[in-house]
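Position chain B against the provided structure of chain A, taking the given hints into account.
These protein sequence lines map, in sequence, to chains A and B.
For the first sequence, the positions run 69 to 201 when my numbering is used.
For the second sequence, the positions run 6 to 119 when my numbering is used.
Hints were generated in silico from the structure; no laboratory data involved.
One thing to keep in mind: the hints can contain errors.
The list that follows gives simulated cross-link-like pairs (lysine to aspartate or glutamate, EDC-like), each with its CA atoms no further than 20 Å apart [claimed, not checked]:
1) A:158 with A:197
2) B:51 with B:63
3) B:72 with A:157
4) A:128 with B:88
Anything over 12 Å on all C-beta distances counts as not near chain B; from chain A, calculated [said to hold, decoys possible]:
5) 123
6) 129
7) 170
8) 172
9) 180
10) 185
11) 187
12) 190
13) 191
All residues carry an ideal CB built from backbone N, CA and C; glycine is no exception.
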Amino acid sequence: MKIKLTSASYSVRSIKFSFCSNLLAKPRKPSLFLGRGIEIILFFSYFKDLVGREVTVELKNDLAIRGTLHSVDQYLNIKLENTRVVDQDKYPHMLSVRNCFIRGSVVRYVQLPPDGVDIELLHDATRREARGG
Amino acid sequence: MDLIFSCVLVISIFFKRATGPGLESLVDQTILIITNDGRNIVGVIKGFDQATNIILDESHERVYSTKEGVQQLVLGLYIIRGDNISVVGELDEELYSALDLSNLRAHPLMPVIH
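Just chain A, with the same shape it has in the complex (with noise of 0.2 Å):
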């Protein structure tokens, strides 16, 4: 079928388009968006790299569990394996407990192997995330 162009043709479509992108044009910026994502995978890949090595996992409630990292999920669950609380005897409440997932929304700090962590690796990452990626 042929689709003839005349000007009144053109000129709804050019109406329509100005529609759809004043729909679009709201005050949002997509690097905003996509740079929080980012950084939010930046850690997950960067724990996921640490699996296997000898953590400590202070929390918000200052319980601090060591153990080796057993794995890493997106909202930086961690789950540690061959666990014992670096202070049994002020806090003998997980005296029988081995292996533990621990949720990510009360880890105050990870505490990391010193050769564990390829520093300038990490700057770089994380300066290009503040950046706006």
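Quick look at chain B alone, frame taken from chain A:
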């Protein structure tokens, strides 16, 4: 091009599989849950979901104090909401039975402060 690539990366990792917590291996096992207000609850996981809400059967709470030994309060079948859970620990039966609870003195755990 870079933008498109990072877009795909974010979507593929972040959105594609919103897998819940890897608690499948702990179902039907005795576990210890530390809640945000510092309570210790022991029970058998019957189910969980992506928000870490947990169904706990045969649950009892262990109350630690510095004055008397450990108290056990029987609770029964519980659903514990995920945003209130801080640690889910797999309880080792042998180590658990080796504990002498009546002589254990400890400060109760601190609540979580965000």
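Right, here's what the structure says about each hint:
1. A:158 with A:197: Violated, at roughly 40 Å.
2. B:51 with B:63: 10 Å, holds
3. B:72 with A:157: Holds - the C-alpha atoms of residue 157 of chain A and residue 72 of chain B are around 16 Å apart, at most 20 Å.
4. A:128 with B:88: With a Cα-Cα distance of about 14 Å, the restraint between residue 128 of chain A and residue 88 of chain B holds, given a limit of 20 Å.
5. 123: 15 Å, holds
6. 129: About 5 Å separates residue 129 of chain A from the closest Cβ of chain B, which leaves it inside 12 Å; violated.
7. 170: 5 Å, violated
8. 172: 10 Å, violated
9. 180: 20 Å, holds
10. 185: Check passes; 22 Å lies beyond 12 Å.
11. 187: Per Cβ check, residue 187 of chain A is outside 12 Å of chain B; nearest 23 Å; holds.
12. 190: 18 Å, holds
13. 191: The assertion about residue 191 of chain A holds, with a minimum of 19 Å to chain B.
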